[in-house]
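Sequences and hints are given; from them, build the entire structure.
Numbered by full-length UniProt numbering, the letters in the sequence shown go through residues 1 to 183 in order.
Treat the hints with caution; some may be incorrect.
In the DMTMM-like style, the derived pairs of lysine to aspartate or glutamate whose C-alpha atoms are separated by at most 20 Å in a straight line are [to be verified]:
| hint | residue 1 | residue 2 |
| --- | --- | --- |
| 1 | 145 | 119 |
| 2 | 100 | 154 |
| 3 | 129 | 98 |
| 4 | 145 | 131 |
Now the in silico label distances, taken between C-beta atoms and shown as ranges [stated by the list, open to error]:
| hint | residue 1 | residue 2 | range |
| --- | --- | --- | --- |
| 5 | 77 | 163 | 39 to 45 Å |
| 6 | 73 | 109 | 49 to 55 Å |
| 7 | 134 | 85 | 22 to 28 Å |
| 8 | 101 | 81 | 20 to 26 Å |
| 9 | 161 | 93 | 32 to 38 Å |
| 10 | 81 | 134 | 20 to 26 Å |
| 11 | 158 | 82 | 26 to 32 Å |
| 12 | 80 | 126 | 30 to 36 Å |
| 13 | 164 | 96 | 35 to 41 Å |
If you're looking for bench data, these hints aren't it; they were derived computationally from the structure.
Since the model is a prediction, treat every value here as computed from it, not as a measurement.
The beta carbon of each residue, even a glycine, is placed where N, CA and C say it ideally should be.
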Amino acid sequence: MADHNKNEVVQKKLKQTHPGQNPGSDKKSTELHKHSAVIIQPEIKSTNSSDIPKVLATSNPRVEKEDYKTVSYNKKKKSIITGCGNNIPTVHKFAGVEKKLWLRIGRSLPNTTPADLLEYMQAKTNDDKFECTQIESKSKHPVFKVGAPLEYKDILYQPDFWPKNIQVSRFRFQNFFRKHSVS
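See below:
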């Protein structure tokens with residue numbers, strides 16, 4: 001009953017705003033011309049979500065066009081090759097450097113030194129190929145930049161490898177140089 005009264009009010013408004021046009025007199029649907037969209041409002045008898053009124057058409061020319069162009073482009077890939085030939089250091093003094101994993105180690109005790117961290121890592125891995133430098137930090141806890149062979153990546157990202165409460169993350173060179181650049 002309330003829907004029927006609502007439809008009558010809408011029809012009266014449409015007759016006032018659009019004289020000479022018949023907005024539709026059947027009880028099943030009423031066409032509304034509002035904001036350049038045609039909305040069909042059926043008489044709702046159930047609470048099913050499929051009975052909700054939907055926008056069927058629009059007079060907006062931008063929306064009516066279905067030939068939108070999607071902007072897509074492929075970034076040009078950098079062609080980087082990595083040599084895999086044999087190094088002959090006795091004849092040629094030109095050779096590649098082993099790829100490293102760089103970590104940021106934080107929240108250690110205030111009196112921790114880079115030598116302490118290197119000693120800990122060498123004892124845990126039985127390897128001495130690690131580099132460690134202390135970097136400036138705003139906190140009272142020292143922060144270290146650690147370089148390690150890439151083969152230790154899985155081991156170094158394990159929480160069991162590190163003492164309790166030590167923070168380990170990838171060292172981000174971009175952030176480091178942005179903060180420490182000479183202006």
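Check: For this structure, which hints from the list above don't hold up?
Finding: Violated hints: 7 and 10; rest satisfied.
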